[in-house]
Each structure stands twice: as structure tokens, then as C-alpha cells.
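Given the sequences, and given the hints that come with them, work out the whole structure.
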Amino acid sequence: MKKIEAIIKPFKLEEVKEALSDLGIEGMTVTEVKGFGRQKGHTEIYRGSEYTVDFLPKIKIEVVLADGMVDSATTAVVKAAKTGKIGDGKVFVYPIEEAIRIRTDETGEKAI
Amino acid sequence: MKKIEAIIKPFKLEEVKEALSDLGIEGMTVTEVKGFGRQKGHTEIYRGSEYTVDFLPKIKIEVVLADGMVDSATTAVVKAAKTGKIGDGKVFVYPIEEAIRIRTDETGEKAI
Amino acid sequence: MKKIEAIIKPFKLEEVKEALSDLGIEGMTVTEVKGFGRQKGHTEIYRGSEYTVDFLPKIKIEVVLADGMVDSATTAVVKAAKTGKIGDGKVFVYPIEEAIRIRTDETGEKAI
Amino acid sequence: MRKLLKHLPGLAVAGFTATLLLVPLSSPAQAPTPSPTPMTAGTPAATAAAPAASPSMEDRVANLEAYLSNSAGPKTIQPASGPGHNAWMLTAAALVLFMTLPGLALFYGGLVRQKNVLSVLAQCLGITGLVTILWWAFGYSLVFGKSFNNPFFGGSEFFFLHGVDSAPNTDYAYWVSQNVYSMYQLMFAIITPALIVGAIAERMKYSALMLFMLCWMFLVYFPMAHMIWGISGFMSGISNANAGIKAIDFAGGTVVHMTSGWSALILCFIVGPRLGFKREPIPPHNLVLTMIGTGMLWVGWYGFNAGSAVAADGIAANAFMSTTLATAIAAFTWAVLEKVLRGKASVLGYCTGAVAGLVVITPACGFVNPTGAVIIGVVAAVVPYFAVSVMKPALGYDDALDTFGVHGIGGTLGALSTGLLATKEVNSNLKDELLRTLFLSQIEAVCVTLVLSTVATAVIALVVKAILGLRPSADTETAGLDISDHGEEAYIS
Amino acid sequence: MRKLLKHLPGLAVAGFTATLLLVPLSSPAQAPTPSPTPMTAGTPAATAAAPAASPSMEDRVANLEAYLSNSAGPKTIQPASGPGHNAWMLTAAALVLFMTLPGLALFYGGLVRQKNVLSVLAQCLGITGLVTILWWAFGYSLVFGKSFNNPFFGGSEFFFLHGVDSAPNTDYAYWVSQNVYSMYQLMFAIITPALIVGAIAERMKYSALMLFMLCWMFLVYFPMAHMIWGISGFMSGISNANAGIKAIDFAGGTVVHMTSGWSALILCFIVGPRLGFKREPIPPHNLVLTMIGTGMLWVGWYGFNAGSAVAADGIAANAFMSTTLATAIAAFTWAVLEKVLRGKASVLGYCTGAVAGLVVITPACGFVNPTGAVIIGVVAAVVPYFAVSVMKPALGYDDALDTFGVHGIGGTLGALSTGLLATKEVNSNLKDELLRTLFLSQIEAVCVTLVLSTVATAVIALVVKAILGLRPSADTETAGLDISDHGEEAYIS
Amino acid sequence: MRKLLKHLPGLAVAGFTATLLLVPLSSPAQAPTPSPTPMTAGTPAATAAAPAASPSMEDRVANLEAYLSNSAGPKTIQPASGPGHNAWMLTAAALVLFMTLPGLALFYGGLVRQKNVLSVLAQCLGITGLVTILWWAFGYSLVFGKSFNNPFFGGSEFFFLHGVDSAPNTDYAYWVSQNVYSMYQLMFAIITPALIVGAIAERMKYSALMLFMLCWMFLVYFPMAHMIWGISGFMSGISNANAGIKAIDFAGGTVVHMTSGWSALILCFIVGPRLGFKREPIPPHNLVLTMIGTGMLWVGWYGFNAGSAVAADGIAANAFMSTTLATAIAAFTWAVLEKVLRGKASVLGYCTGAVAGLVVITPACGFVNPTGAVIIGVVAAVVPYFAVSVMKPALGYDDALDTFGVHGIGGTLGALSTGLLATKEVNSNLKDELLRTLFLSQIEAVCVTLVLSTVATAVIALVVKAILGLRPSADTETAGLDISDHGEEAYIS
Ligand SMILES: Nc1ncnc2c1ncn2[C@@H]1O[C@H](COP(=O)(O)OP(=O)(O)O)[C@@H](O)[C@H]1O
Ligand SMILES: Nc1ncnc2c1ncn2[C@@H]1O[C@H](COP(=O)(O)OP(=O)(O)O)[C@@H](O)[C@H]1O
Ligand SMILES: Nc1ncnc2c1ncn2[C@@H]1O[C@H](COP(=O)(O)OP(=O)(O)O)[C@@H](O)[C@H]1O
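Residue numbers (the working numbering), protein chains in the order written: chain A, 1 to 112; chain B, 113 to 224; chain C, 225 to 336; chain D, 337 to 829; chain E, 830 to 1322; chain F, 1323 to 1815.
Hints were generated in silico from the structure; no laboratory data involved. If a hint is listed, it holds; no wrong ones were tucked in.
Listed next, the stretches of chain A that the computed footprint assigns to chain C, with coverage defined by at least 3 CB atoms under 8 Å from CB atoms of chain C:
| hint | region |
| --- | --- |
| 1 | 1-14 |
| 2 | 35-44 |
| 3 | 53-60 |
| 4 | 74-88 |
| 5 | 92-103 |
Computed from a prediction, not measured in an experiment: that's the story for all the values here. Glycine residues also receive a C-beta, built at the ideal position from the N, C-alpha and C atoms.
This is the structure we're talking about:
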């Protein structure tokens, strides 16, 4: 099993979710994160003080899936999340050693 | 070392935390996440518009521990988090290559 | 490639970010998390009820980088995040199998 | 006490039969058809004194002087509203609405968990709508009418606010338009049931709550308000020479706070505690909202207390002063108690103390001098403080937002303190005869209120439970009432 | 209708030329230099009746009685403000400001997404500043002056508030200081354009919005306010015997709600829908803010409606009552409709219903009795409910926060209901002659308002589009207006 | 200036000795025992004019006319409160409380970081309680009493509000109950120290703050308020013919804003900057709260400014107008400055500008005409804008929420502008003789205020530092004051 972790622009969440659903992926976990990268932030001014906000709101999607699904899933995510503009984000692939469904105690690929 | 990552229902946090403490696990990191899976969301209506909320609030617990602890810890988490109803969540196990305690520079299992 | 994940005290974020920038690391992802560990929480009292807050606000920084960068990066993070007081946090290192830049479809170390 | 016992059966009978029988029968017949012969004073554009014959210069000047002093004008001149008094009562009525919307809604809303904040707001909003309809149709008349000539219910002459126009109803105010007076009193009728919400927050079905409140208004609020404030009321010590109990209650210690507080206690017993109560932490989700609500309650309460003079006169002025002193001192005392007993003064402590001060001074504010107000301020913090932080945990009921601890205990305390501290130097309506037995009368009034509130609440709650059930399913409660009862989330980022 | 058609060209010409020509020419000449010979009544410290000669005792007492009844004093005594009426209007003016800052700002601010909440607040604040400057310089005079002796614009005598001091302007109020009256009316001039913001929230450039509002005040608000409320106004049925259309509008159903609502509709067509509209969910980011705003709007609206009597008299009292009944009943009815049709009563439903009730009762509140108010309350929920939840989705325009559905539809409904339900028993200013043709006059007034608002809005919007463009870039809109237009974030944790 | 220098030692001596010696000695002896022979006018229920003998018809009508014009009634008739004036002052007092709770608390609370928001609310609440107790016991008497017959402190006759009942104190108001007046003035005494909180927010120990405020009231506020407003005050230009400095201050430019602003500057120097100041960003955590607070401050300020007429007369009316104009124009000007100089108009800019406008118009509002108010509006934005965005960064002190920049600079500016723009056409109390030297007198008053505030603050701060220490540990400050000082978190999701 692998985990695909995608950092994407927030307004792309719906599209990415649908792309994954289309592949038959039924579960995922989503986190609000802040990203720092090539995409520049903006400046905020409060009375006398000026702050540069480097960290931009991003969404992290985590999907655990069987090894065989990794390629099609990453391709689908990349396609759905792309705008072609800087700051589109990344996909990372991690090894996973075990998965358990809490409700049923099922393990391995049956659990995801 | 391994990392155990559990996605659970929010109101089970206290119980899972205690189950892990009972095993002598003294540290963990918790994140508020949103989950998408078999458990259905709900519908919200704002005047003319109806939205289906697919993403349900979940809690992600991450614990890094020695290899030998993995089985007892996953069992404890599964037991504490189970309600038997859909949406109970998952436990994933990841390999970890190194851990460092920032305060003391200790590394490896001493660091966790 | 590896992922370095650091759990640090919130007010150390700026310093850690700068330490990583100084190494030429241009991207990272930050999440607000709650930590449970040796550092004690505090007590809150609301009229008749007293609650112990065990979970303290922490910041999780995730950086994916080339294998050769791992040592210098962990050292830099540890140095920048250290206060020497309990609760300074941890650094964990994970294996990563693949990385893709969504905007360009670049993969591997070029993607990060 | 004899008088009390003698009237108890009447009270019960009146409570149930008047409601169930008289009201529906008499009302549809006469109310919605517009009056064919309106009182001639009823054309409010001519609020001026329209001389019956041609009043003498002496009478005309006496009428103007009566306006200044808020007293009855000469008989030769028809009563009309006066601008200074009307101005204050328009303001006061708006202020009392402000106490509920959004004041109390925020005070309570901040104290619940995030998943239930909208349910509290919806309860306040729903009660506002429901009570307005009841008040328009029957309530005002049942409280302030007099056609029944009854100590427990008023009359049917004002059903559907029939004949309630801009001329004063001189039973209650010499110089304030009756339509404003009726709306001012409506605001009291709205906030009282809304206070109960605090005790059963986060766990009662919305439909059950609304049905409960519908019944509660008829069985508790309308009779209690008539008994205390109605011209023929059973416990209306000042205005009814034949009152069974000669009690006093300036702005609603018994009518508002004791009824809601004691009903809250019973209701929270019957509904039962929140899931997870005492097992998991249930901290307030937003204390800033609670503090905003406290500020609004305090400011709005000036309308409640000083407005209860139904004039911008010296008694209103005194009520303003005593309200300010008692509230600020209660807030401060509560914080000092926390600091001394637990090491830290909290924002929730200040807010709770302020509300407790407001509650306890309510029945007394038009009757006590600054020294009395200061004493009340201190007592208002000490007693509820222990009620909330010692008694409640000891007894183990889940009065979620402390409606009983603050309003029930506080209202009772206020009614009793009023008996001890009221002075005729502040309010010349307090005759020596009344004052002589006042403390006893206050105890009697407390007992009547307490019994009526608790018994009626128990009956209503059990009936509603049988019909609709009181609580949502455990799953629904765990998910939060906002989504399950209202289909909304409070905050989406 | 003949009268209407006859005046249409004049209306258009007046609208454009008076604004573009008269105003700038006549104003700088006379206003900012302090008056060398101030009206002697203008020393407001002596608000007392300063007898011209030495008035008789009869006149002096009659003057005092006129104060009580809010009528004209005897000619021998110079008009001065009276404390009760002034007290209420000071309060009412503050309440109407409270409706916008922070009331409406919160009501709207809670309904947008988090990234745009500050832009809504900035729009409300910016409009407040801009309109105050316009009002001071020209607006008050164009609406309430009479030197032009014109049905569409008032006069130039009050440019820069010249001569507007503490003495009453008896064209509009016998006993209220003109400076307070001018500020009271300013608050109306502020909230009206601010209402439009709801339709184009989350997607209009700040600079374009401000320029739009600047023009809109001259072309729509000032002429409409003069037409309805000016002493020489074209549709001022009560005060102008020569009015072309003898319509009535107690507190601004046409002037405030129809103008803003219909302009909002046109503007949201021209601006176009939000990015992602109908494709992605755009839920309110904070319904607690919306509910706070609703409470503040409701409370403040008492200043708006009861204040429109410009006195603390019986008509103000009646307006208070009818406003309360209609609002509470509309809120409750909306929630009942939701419960029946969709299964759940929502907080947003209660809030929308309350605002709809307030809107629809506005033109009627000083003219209808309790029964009328209750009828209006029900209608005020039912019609806007379907406008917002059926008509809007069907037609597909993006009236983001339902300014058209609530204020446009509601204001129109209010103007028409007033024609049906107004009764002289409530307000003796309604003469039989006026009442006979009232419903027709109201229809005519509705048509004039609707045409003026929509045509002028279309013209202004297209001009502003040509000059500045109406919308930010797609990227900017996606990132949110708070950062791009104001350089701030609302919440930082 | 001579007069000024001559009185300086007296000022210092009075400040310290009167406080430390007279007050504690004289008070316990006479105050808490209820008066055995109350003033007969003291039965406030009879606020009516109770004729001493039997006054003539002429006098009775003259008395009624005096009520209308807010002037002194004939000697034959005992003074009593009048409904219109009392109505407005009840409202105004509530509005001024609203400025602090929750207005200022939100304005400041939104500007701090999330971890410190409750500490700001607790400071506002704590000050409210503390100052109320001081005011009741000594403060009102030290400011508005006259038994000391002293230019720096009032008297001891009203200690514990003894004898303060519903009859007017005609030294200060002909027609307003003294108890309302005393509470109205209490609200000023509450908000003034609360303003200082802004300068040292996020880093001062709660206990140290409270001790500081306790001393500051006696050494700065009470003497300053007596000097400016007391009937025997040192700088009371209008009411004291023997005033050392014949200055004017309508609603508190010196007493409220200069004292708090200059004290804030000194205190923030002594306390030192926040940890991380200038090294890490410290942005406001919730600008929506700040905007709500701004709206509440603005609305409440009408009570502050128009209420300072202590009547609903023409001067109150003028104050309402000038306050509105100056505030809206200052808000708008500030935003225009931002737009021009930095490209974007911000919500915080609008809010800061509005507060600056309110501050600067405060001393002038009852003395200037619309043109004066507009000029003040523009100046009120420009000068504090540069103080806050250029001078503060240049000098490098950490005036966290700009108390000095807005209230210190703004109050000073207001006092001086009042000297230039006050006109007797607006306020006939301004005699030619007073106006002739007014600007000089204002400069002198500014100097006295500035010196007294800064010196006393430095002394108190150093004493408190020695006793309790001013700051929490670095760890505590980093964790936030909410948890460490109050044991609570503001938001729990
Ligand atoms: N090395 C990295 N490790 C972890 N997250 C990264 C890394 N580099 C970039 N990111 C994440 O990806 C987001 C987008 O990266 P950025 O450099 O702005 O643009 P792009 O994806 O177009 O290269 C960042 O905001 C950050 O959240
Ligand atoms: N493949 C997956 N990858 C990551 N997270 C998942 C995956 N499947 C489920 N989850 C997480 O587990 C939660 C529970 O899953 P769900 O299918 O609703 O019920 P159950 O755990 O009973 O099978 C989801 O809300 C989601 O957060
Ligand atoms: N075993 C663990 N797995 C995951 N996170 C941990 C673990 N132990 C500690 N942490 C994280 O590190 C933070 C700091 O740990 P703590 O024990 O308080 O102090 P220290 O880092 O000084 O040992 C915790 O708050 C938690 O977020």
C-alpha cells in the first residue's frame, strides 16, 4: 500500500475529489495547511506596521491505496489540480506498512 | 521506528488518548481533519441554495513509537475508537527512519 | 527523497523557516496541530467545572528534500527550534518514494 | 401564610381552566373585527389633551404639571401620552428587545459548544416569534386586562390587541401610550422563557422546546405576570388594595427570574444531562460572544429596570442608579471571589457576576437607595457564586448555562432582599402599612412563584415528553443540534 | 397614470440636469462662508420660546400644550425644540446609524465567505463617509430645501448645512431641532446605498462601487427622497397639496427599500455572477454575525420607523407596535414555511424573515393598526420566501445576499399593502380624499420608483464600467477582496 | 501662563494630600449611616414641583417653560426632574456604558492576538467594577461636590452617594435627576482608564494594572474632572467665575482623552515593548470585532457628546450634528490617506479614523457649527494618521493599540481646535470675554493636563513596579495572558 499526499490550491478540492471518486477511490482525509514556496504571498498593513504574509492557504489530501492504483491516482490528481500557474502544489508518495479499519478490524487493502 | 496514524471520530479523542497513555506512550500529535468515506454527510440549506457536505470532521492522531510497540498500540487504538458504526476511521502504519528530540538532540527511540 | 517533519513551538516558526531558507530550501508545508507530551498543559475553570488542557498548540512543518539535504536540514531545524525547555518538540524523518510538481509534471528531486 | 394556602386551589384551577376554557372561547368572537366605535381618544394623531368641555386655565396648567411629575392629570382633561415619558418608553422597549436579540442569544450562544450555537440562537428567535403571536392574541389581555376581575388572569378586552392604541391605559401609566406599554411588556414576556433555554441547552429537541414554551406561557408566565403586576393581581401589593399577598416586585424578580430559574431546574432534571456530562470537557466555545452578550444585557437592562417606572421620572432615575451599582459591584465581587478562592479572576466570572447583579437588583431597583444597591451587589455575587460552583457540582444536575444558579437563586434572593431593603424615601408608593409586613409577603410570593413554576413545568415537560419526546437521538446530539435541527453550520472557513 | 406619464420627462430631466448643472454652480458661492446675519432663532442655547412681543398667558399655555401633543404652537411664540421630542429623535438617529454600523455590516458580513468579509465592512464604512460628505454639502438641501420650488429637487438654501441649527424646521417637525432632523435623515441616506452592497457582494471593485454610489445618490436617492418626503415633493401625498401622485410612505418603503432593491437587481445583472456561482458551494462564513446583525437591525429599526413620526407622539407609539408585530410574525412565518417545505427551520430563515418583516412594515407602520400589522407580517414572509427560494434560482441571477428578494420585493409589497391597510383611525393625517385613491396612487408611486431606480442604475453602472471596470481580475476574486482591495485578513489565529 | 505657574504647586499638593489624607479621614465618619433628615426634595416619587408656598400662575407657567428651554425655573418652585431631559440622560448614560462594554472591549480585543483577547476584556470589566466602587464611595463627591471649596477637589458631601437622589443638582443640570447625572458621569470615569489599556495590551500583569488604575483615578481623573467640570474647578471656564484658567471642554477632550492618552504614552515606556515587537508580526486577530466595537463606540458616543449638554436641548442637538460630521469625515479622510499613500483603504483605517474623529470633536461638539465640525473631521484624520504611521515607528515605542496616537494626540488637537473654532452662535454660554483669551486658556489647560497626567503616571507606575512588578514572565507572555492570568481560552472549536 501507498499513501498519496497532495498539496493543492483550496478551490481545486472539489475537482480533485471528483477525479478520485471517478477512479473508484471512496475514502480520503483532508487537512487545511499553509504552504510556503515559489508562489509569493501578499503584504498586509495595519496602521504603522507592514507584514509580508508568506504562507498561503493550501489543502492537503491524503489517500491510502493499493500499490496498483498509485499511478492512475497521481495522474488524476495532477490533472484535476493543475491551473498551470505557480503554486499549484505537489504530490508525494509514501510507503505504508499496514492499514486497519477500526469498525471491522479488517486489515490491509480490504481496510481502505 | 514506526508512525501510527489513526483517523477517528472527534468525540473518541479522550478515550484513545487514555488507551495510549495506559500503554506508557507519552507523546502524540493531534490534527483536526475532514474525512470523506463511506459515512454520509448531511445537507445544508441556505435560503435558495442546498449544499451537500461530504466532508465530516475527524481527528488525526499521530504517534511515533518503537517497532515493538506497534501491535499493542494499534490494538489499543482500534479498541478505544470503535463504536461499530460506519465512519469509525482507520489506522495506518508508516516506516520512520529517524527521530530527534529538539530539546536534547537525542535521537532514535530515546527521542520519542 | 525524504520528508522531514518537525513538531515545534508556534512562536519558533519564523526562525525555523529562515533557517531552512538559508539552506536554500524553498518550499514547505505548515499545519497547526495540538501536541501531547511531557510538557504539561494548564487548567481552565468555567464556573463550577475545571478542565485540564493537555493538548498544547504546536506547529508541524513538513519539508520534502533530497537525501543529501537531510542532515543539514535536521540540524538547522533543531538549532532554530531549540529553547532548551520541555516541549520543544521533535523531528521525524520519513522515506518518500516519489514527488510530482503539479504545475509542470516534473517528478523526483526536480519537483521539490 | 393563611392567605396563601387559602388561595392555592384557586390558583391551580385558574391556571388550568382559564387557559383551556375561557381563552379559546371568548377570543375569536370579539377580537379581529375592527372596533366600530373606537374610543374617541383613540385617534393617536391627536395625542393632545382634547378638552371634554373647555377646561379651566387652572386645570390646563395642572395637566401640564402632572406631565412633568408623572401624576394623574385633572379629570376634566382626557388622558393623552406625553412626549418625555413616551420617548423613554420607546427607548426602553427597544432596549429590552436588545437584551434577547442578540444579547441573551450571544451570552448563551458563546457558552455552548460550536456545534450547538445556532440551536441556541434559533431557540431565542423562535421564542420571540411565538410569544409575540401569543401576546398579540391573548397574552397582553390575560395579563393587563381586567374584564375577568380575577386575581390570576386579567381579561379578554384586549384580545388581539383590540382597542390598544396610543392613549394611555391609566391603570398602568398616566402618560405612556398603551400600544408602547403593551410592546414593552411583550419584551418581558419574550425574554423570560428564553432564559430557560440555558438550562437545557445542547440537548433538547427544537420542536419539543417550542411546544413546552407555548404551554408554559399560559400556565406560568401570564398568570404570574397578572398576579404581580395586574391591577387586580393576587400579589400586586401596590396597585391592588385587595391583593391576597401584598408583595412588591419592581421589574420582575419573581415574574421573570424566579419563574424561569425554577422552571429551568425542573426541566433540566426531566431532560437529563448532556451526553458526556462529567466525563468529557464541555467548555464554552467562544467567550468573546458571551462577553458581548453580557454588555448588551447590561445596557438593555436599563430599559428593563428603569423602564419599569413606565415614565422618565425620579423612580426611573433611582432604578438606573441602583442597577448600575449592584451590577458593577456584583461583577467585581464575583471576580474577587475567584481570585481569592481559585487564584484567577476570569472573564466568565465577571460576566456571570454582572448578570447575577442585574437579576438580584431587578425586583428592588425602584425601591432601594445606593446603600441598599451596594449590599445587593455583594450578596448577588456571593450566593450565586456558591450555588454555581459548589451546590451544582454537589447535586450533580446539568444546568448547562446556569439558569437556575443565576436566575432561580438570584431571583429568589432579589425578592427577599427587596423585602428587607425597600424604603419609602426612594419610592413614596410604599406605604407604612405595606412595609410593615413586607418581608413576610415577599416570602409568601416566593413560595407561590416557586410552587407554580415547578409544578407547572413538571406537568408540561412530562406531557411534551409523551407527545414528542424531549431529546434527539444520541447520534444527533453528538453531531450537534445545528446540523440536525437547523441544517446549518455556524462557522465555515 | 396620466399624471405619471406627464411628469416622466420632467423627472428624467430634473434628475440629470439639476444634478450636473444646478448643484455645482449654486453651491460654492454661498455656503461655506459663515452666515453674517444668522436667523435670530438660530442661537440654539436659547431653545426656549422667546416671545416676539409678550405673548398672552393663553398663548403660553397653548404653546406648552402644543408641545405635549406635537402640534403647531401659537404664532405669537417662536418655534423652539422641545425636550421630549428632541430626546426621542436624538435616540432614533443614533439607532438608525446603529442599523448600518455595525448592524447591516454584520448581517451582510456573516453571509459572505471569510475572504470577503472585510470588503463588506469597508463598503459600509466607505458609504457612510461618502454619503455624509454629500449630505452635508448638497444632499440635505436637495431633499429638504424648498428654494427650487420643484417636485424633484428641494433647494440650495441648506447647502453645506448652512442655517441648519437647533431651531425646528416646521415644514417637517414642530418640536425637533433641525440639526437633529438633518442627521436623522442622513442616517437613512447612508443605509439605503449600503443595502445595495448585498447584491454584488464578493465581486465588485471597491473603487467602482464607491463611484457608483456617488452618482446613485444624486440620480436616485436625493430626488426620490424629495419626491416622497419633501414639502414640495412630487409624490408627497400628505404634506404637498399639489403632489402629482398622492402617495404615502411612512418610513421609506419606496425611498429606501424599493430604490435599493431594484437598483440591486439591475446592478447584479450588469456585474454578473460570482466566479463559481452554481458550480461550487458558497455558504455563509459566520451565521452568528448574521444573527447579531439581525438583532441590531431590528432594534435600530425602531429608530427608523417610530422615529419617522419625528416626535415621541402617538404615531411613533403606533409605529413601534406595528413594527414589532410584523417583524416577529414574519420571522416566525418564514421559519414555519421552512419547517413545512424543507423539514427544518433555520437561523438564516428566522433572520431573513425578520428583515423582510421590517422592510414590508416600513412604509405602513404609522398608518396601520395591529390587525394590519399582523397581516403584513404574514405576507412579508410568504412573498419574499418564494422570491428568494423559487424565483431567484429559476431566473438564475446572482443576488448574492438577496437584496432584491428582500428589499426590492419587500419594499414593493410594503408600498402596496400600505395602500390597502392604512387607516385614518391610526393616523388622522390620512384624509378621506387621500384614502379614496390611495391604492392607485401607491401603484403609481411604485412604478415611478421602479423605473427611476432601474434606469438610473443601468446608466450609472455602464458609465462606471466604461471608466473603471466593475470587477477585479479572476485571480483577485478567487483570492478574496479583503487582501486584494484592503490589504488585510479578517481572522488570524 | 502666570496663573498656571502660580497654581502648579497647589495642584501637586492637592493631588497628593487631598487624596491621601482628607478622603480616608472624612469619609467613614459621615457616609454610610442613612441620613436621619433627608432633604425633603429627596422623595423622588414626588418629582413634581412641590410648591413651597402656593406659587402664582405666572410662576407655574414660567416653570413649565423653563422645562422646555432647559433653564432655571422660578425660585418659588422647588427644582424637580423633567421627563424629556431625564429621558435623554437615562439613554445617554446607557449609551456611554455601551461604549466600554462591549464597545471598547471589542475594538481593543479584536486588535490583539488571539491568546490575549480575554485579558483585554477582563481589563475593561475589572476597571468597570473598580471604578464604580471608587465613584460610589468617593469619586462623585471629589469631582462634583463643593464642600472643600477647592479648585482641585470637590467635596465630601456626596461620599457613598449620600443624598444623591432624584432631585436635580442645579449646579450641573436644571432638569435632570442627580442620581442619573452621577451615573452618567460614572460612565465617563469608567471609559477613561479603560482607554489606557490599549497602550500596554498583551503584556501587563492583571494585578499590576488594577493597582495602577486604582491610584490613577485618585491622582489624575478625579482632580482633572473637578478642575474642568466642577463648579469650583480650576479650569472650569464657563461655570466658575474664579477659574484660574478659563478653559472649555464640552465632553472631555482634556479630562478623558488627553489624560488617558498621555498616561498611556508614559506607561508604555515604563512597561516596555511586547516580546517580539518589531521582530515578528503581531497582526490583529479579528478585525470584525474591531469594526463591531467601532460601530458601538460611534453610536455610544452620541450619549457621550450630546449627553454632555445634560439636557435634550438645542446644544445637545448641535453636539449630535457636529459629532456625526466630524466622525464620518475623519473616517473617510483616513481611508483616502491610506489609498493615496499606500494604495489600499483598510477597514482598520476606517475604524481608526472614526475613533480619531470622535476623539477630536469631543471637546468641541457643543461649541462649533457644521463648518467647524467638518474642519475638525479632516484634521482629526490627518494628524493622528501621521502620529500613528510615521511618528510612532520613528520613535519606536510600543503603543500597542495606539492609545497615545489617537487619544493623546487627538485629545490635545481637540482641545486646541476648540479654542479656535468655538462660536457663541452655537452656544450662548460662551461670553465674549471668555472667547477673547480662549485659545491661550486652552493651551494652558493642555499643559496642565499633560503635566499632571505624565508625572502622576510615572510616579504610580514606578511604585506599582516596585510593589508588584509590571510584567509577567517571558514564558507567560509567550503563552498569552488569557490562560496565565484568567485560566480561560477565548475560542474552542
Ligand atoms: N519541499 C517541499 N516540501 C513540502 N511541501 C512543499 C515543498 N515545496 C513546496 N511545497 C508545498 O507546495 C506548495 C506549492 O509550491 P510552490 O513552490 O509555491 O509552487 P509550485 O507547486 O508551482 O512549484 C507550497 O505552498 C507548499 O505547501
Ligand atoms: N483510503 C483512505 N485514505 C485516507 N483516509 C481514508 C481512506 N478511507 C477512509 N479514510 C478516512 O477514514 C474515515 C472513515 O472512513 P469511512 O469510509 O467513512 O468509514 P469506515 O472507517 O467505517 O470505513 C474517512 O472519513 C476518512 O477520513
Ligand atoms: N511519540 C510521539 N509521536 C508523535 N508526536 C510526539 C511524540 N512525542 C512527542 N510528540 C510531539 O512533540 C511535542 C513535544 O513533546 P514533549 O514531550 O512535550 O516535549 P519534548 O519535545 O521536550 O520531549 C508534543 O507536544 C507532541 O506534539
